[in-house]
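K.L.:
Protein chains in written order, with the numbering used here: chain D, 421 to 626; chain U, 6 to 254; chain S, 218 to 438.
Wrong hints could be hidden among the right ones.
Unchecked claim - Only pairs whose alpha carbons sit at most 25 Å apart, straight line, appear in this in silico DMTMM-like list of lysine to aspartate or glutamate: (1) D:558 - D:543; (2) D:558 - S:294; (3) S:236 - D:614; (4) S:236 - D:510; (5) D:558 - S:289; (6) D:570 - S:294; (7) D:558 - D:531; (8) D:570 - D:614; (9) D:558 - D:578; (10) D:558 - D:614; (11) D:558 - D:584; (12) U:183 - S:399; (13) D:570 - D:602; (14) S:236 - S:289; (15) D:558 - D:510; (16) D:570 - D:531; (17) S:236 - S:294; (18) D:570 - D:543.
Unchecked claim - Going by beta-carbon spacing under 10 Å, a handful of chain U positions derived as facing chain S: (19) 87; (20) 89; (21) 135; (22) 139; (23) 146; (24) 156; (25) 158; (26) 159; (27) 162; (28) 164; (29) 165; (30) 180; (31) 181; (32) 248; (33) 249.
Worth flagging that the hints you see were computed from the coordinates, not collected in a lab.
Each residue gets a CB set at the ideal place from its N, CA and C atoms; glycine is no exception.
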Amino acid sequence: MSQLQVIALSCERGGRPLFAPQSFTLSPGQAMQIEGDNGSGKTSLLRMVCGLAPTASGEVRWGGQAIAQVRHAFLRDLLYLGHNLGLKDELSAVENLRVASVLAGHPVGHEQALQALQAQGLEARAHLPLRVLSQGQKRRVALARLHLSKARLWVLDEPFVALDTLAVHALQQVLQNHLLQDGLLLFTSHQAVDLGPSVQPWRLGA
Amino acid sequence: MTMRWFYYAAPQTFYGLAGRLWPWLAAIAFALTLAGLWIGFALAPADAQQGEGYRIIFVHVPASWMSMVIYLAMAFWSVLGLTFNTRLSGMMTRALAPTGAMFAFLSLWTGALWGKPMWGTWWVWDARLTSELILFFLYLGYIALTSAIDDVRRADRAGALIAIVGAINVPIIYFSVKWWNTLHQGASVSLTRSPSMAQLMLWGMLLMALAMWAYTLAIVCYRVRTLIIERERHTDWVQALAEVAGANA
Amino acid sequence: MNAFFTLVVRDLRLAFRRKAEVLSGLFFFVVVAALFPLAIGPEAATLRHIGPGVLWVGALLASMLTLPRLFENDWRDGSLEHLVLSPQPLGLLVLGKIFAHWLVSGLPLVALAPLLGLQFDLPTDALGMLALSLLLGTPVLSCIGAIGAALTLGVRGGGVLIALLVLPLFVPVLVFGAGAVEALNSGLGAQAHISILLAMLLPAVCFSPWACSAALRIALE
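Kindly generate the complete structure, drawing on both the sequences and the hints.
P.N.:
This is the structure in structure tokens:
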């Protein structure tokens, strides 16, 4: 069973440390919600955990080993959803999902992609180019990746943004299922989220 | 041995070391330049075919050597910087670049100044000069890239990568330019086939090369100190420095 | 390998759905090739002499114009992070992107060059050699250019900066590429030139994805 360990992680911006060194552990079935004011470094923290941003100090460990050492295994188990959705406007939702699944190492067929979009209520728009969808709908296409993902660690930056109440409930369901299957979840959100007792809040900032 | 290198890799320690070194290096550079120029312009005899005009090689040849050596030094620091992630490596490469570009430019100009009285044209597409021109472009590319990127760390690392890619390409570029030159020009105008070197002339060029080397080391020390103060300005030790405290007061 | 082909197909699809960007590079090539006779004069002997060089420089500049597009869009919409975080080897994915870029921006130049060569009154075998040298040379341009594109992601003055970084590195390809046609014309035979172009192509294809991956990671920090 893989654990995520963050040990004395800190980063710098403009030569100054953004936040004091952070240390925490996340075990399978647990979720952590990072809270903090705007500019407190929540996104930077998530990006450091993924290995995208350089750390000023500290390290991140997956399954007891530094992520730099077990890069391939770590990336196989990681799903990251950032502010930018990583979707192509000229491709349809189905095409986007299929490419994403190949890149993640678990290719899906047309049918499966369609089912994932159905779960997000987007099957009617599945074959339209993404640029005709609204911002909220595009977010739901990005979230459809969660249905197809076999990754154990989900790192989500503001996943609830631009979602209506129905979609928020649906997302909470997906995340709870993930936790029940011993997945790990690290996310940020400005709003209150109900994911059950296994969520630790974590406050970032001075 | 390695521990001592890593000790000096810390900006704070290097700052002190560079501060002590650069005045001496500057003095050595000055002395060697005088010696080299004296040999070149006073002692060495006039050439049978080229008369007095050839004396420009005492500046041209050492400048070309330096422009190549400095680029290799930049590539060396770049490899170090990308491997060990030290801050000082990026600063050294940045400090070397303007001086290297200057020597490349000097080499091109002195080449032209030599060419005009000798062969009647301001510019010859000689293999060496053309390669020097491309090396000058590589310097400009590095300086442009590092200036254009705002984030200092990213700029250093991007610059390091382009310096390494450039260094790998320099032999390829030189070879292809040489090929191109022999095909099109024939071998008549060659700045490398200078008058047969008398011992004295070699000494003169060597002294000038050493002078330029000392100058480079001096100016790099000086520049790196400035970069250190700029980049580490939020640390306590920089704030406590006499020069900084005096300026703030 | 599945990931490689998926990415190639994806980028090709994107290029076809954004035709304007692709075609503008080709039109640039046509326009530049026409500018030289206008500037120098229509005398056939001169044109035959400068033709291979002009077309090679035109192809070089046209390929370079399309380079910023290689990673820029992916960087803006977040798919670049996706690629970097993929368990698939980044070098392979980058090679896929470079290949797709060459298919869309480089290969058409190879097809177009002989047609433009007719404007310079080049003989048929010279046209063939021109196409062959470009066929071997344009992938090298895409590979080396990609490194420049990766380093300058999101940087001010992107296009011109790429040119400054990458043109000096293109010189060997230009010398041997244009030189191949010259050699054929002067009866010397272009065997050596072609061999050298091949010798440059293989290391470029192997080395460039690795250098690009490093550059992309630096750009994403």
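K.L.:
Each hint needs a verdict: does it hold in this structure or not?
P.N.:
Checked hints:
Note on residue 558 of chain D and residue 543 of chain D: the hinted pairing holds, with a Cα-Cα distance of about 13 Å set against a maximum of 25 Å. Taking the CA atoms of residue 558 of chain D and residue 294 of chain S, the gap is near 12 Å; set against the 25 Å cutoff, the hint holds. Restraint check for residue 236 of chain S and residue 614 of chain D: not satisfied, since their Cα atoms lie roughly 46 Å apart, outside the 25 Å limit. Note on residue 236 of chain S and residue 510 of chain D: the hinted pairing holds, with a Cα-Cα distance of about 12 Å set against a maximum of 25 Å.
Proposed proximity of residue 558 of chain D and residue 289 of chain S is supported: the alpha carbons are some 20 Å apart, at most 25 Å. Note on residue 570 of chain D and residue 294 of chain S: the hinted pairing holds, with a Cα-Cα distance of about 23 Å set against a maximum of 25 Å. Of the pairs offered as hints, the one joining residue 558 of chain D and residue 531 of chain D holds, with about 20 Å between alpha carbons and a cut-off of 25 Å not exceeded. Proposed proximity of residue 570 of chain D and residue 614 of chain D is supported: the alpha carbons are some 23 Å apart, at most 25 Å.
Restraint check: the Cα-Cα separation between residue 558 of chain D and residue 578 of chain D comes to about 14 Å, which is no more than 25 Å; the hinted pair holds. About 23 Å separates the Cα atoms of residue 558 of chain D and residue 614 of chain D, which keeps this hinted pair within 25 Å; it holds. Between residue 558 of chain D and residue 584 of chain D the CA atoms are separated by roughly 13 Å; this keeps the pair inside 25 Å, and the hint holds. Between the alpha carbons of residue 183 of chain U and residue 399 of chain S the distance comes to roughly 16 Å, so the proposed pair stays at or under 25 Å and holds.
The hinted pair formed by residue 570 of chain D and residue 602 of chain D meets the criterion: a straight-line CA distance of about 12 Å does not exceed 25 Å. At roughly 16 Å between alpha-carbon atoms, residue 236 of chain S and residue 289 of chain S fall within 25 Å of each other, so this suggested pair holds. Taking the CA atoms of residue 558 of chain D and residue 510 of chain D, the gap is about 12 Å. The hint holds against a cut of 25 Å. Under the criterion of a C-alpha separation no larger than 25 Å, the hint pairing residue 570 of chain D with residue 531 of chain D is consistent with the structure, at around 17 Å.
Our distance criterion of 25 Å between C-alpha atoms is met by residue 236 of chain S and residue 294 of chain S, whose separation comes to about 19 Å. A threshold of 25 Å between alpha carbons decides the hint, and for residue 570 of chain D with residue 543 of chain D the separation of about 22 Å falls inside it, so the pair holds. Using the Cβ-Cβ criterion of 10 Å, the hint placing residue 87 of chain U at the interface with chain S is satisfied: the shortest such distance is roughly 8 Å. A hinted interface residue such as residue 89 of chain U counts as satisfied when its beta carbon comes closer than 10 Å to some beta carbon of chain S; here the least separation is about 15 Å, so the hint is violated.
Given hint, residue 135 of chain U at the interface with chain S, holds; its Cβ is 9 Å from that chain's nearest Cβ, closer than 10 Å. For the restraint placing residue 139 of chain U at the interface with chain S, the shortest Cβ-Cβ distance is roughly 5 Å, inside the 10 Å limit, so the hint holds. Interface restraint check: residue 146 of chain U against chain S, minimum CB-CB distance 4 Å, threshold 10 Å, status holds. Contact between residue 156 of chain U and chain S, as hinted, is supported at the beta carbon level, the nearest pair being about 8 Å apart and thus within 10 Å.
Checking residue 158 of chain U against chain S: minimum C-beta separation of about 7 Å stays under 10 Å; hint holds. Hint on residue 159 of chain U holds. Least Cβ distance to chain S is approximately 6 Å, under the 10 Å limit. A distance limit of 10 Å between C-beta atoms decides the matter here; for residue 162 of chain U the minimum to chain S is near 5 Å, and the interface restraint holds. Interface restraint check for residue 164 of chain U: the shortest CB-CB distance to chain S comes to about 9 Å, inside 10 Å, so the restraint holds.
With its C-beta approaching chain S no nearer than about 9 Å, residue 165 of chain U sits inside the 10 Å limit, and its interface hint holds. Annotation: interface hint on residue 180 of chain U holds; nearest CB of chain S at approximately 8 Å, less than 10 Å. The restraint placing residue 181 of chain U at the interface with chain S holds, with a minimum CB-CB distance near 4 Å, inside the 10 Å limit. Here the hint on residue 248 of chain U is broken, as its CB sits about 32 Å from the closest CB of chain S, past 10 Å.
The beta carbon of residue 249 of chain U is not positioned within 10 Å of any beta carbon in chain S (closest approach about 29 Å), and the interface hint is therefore violated.
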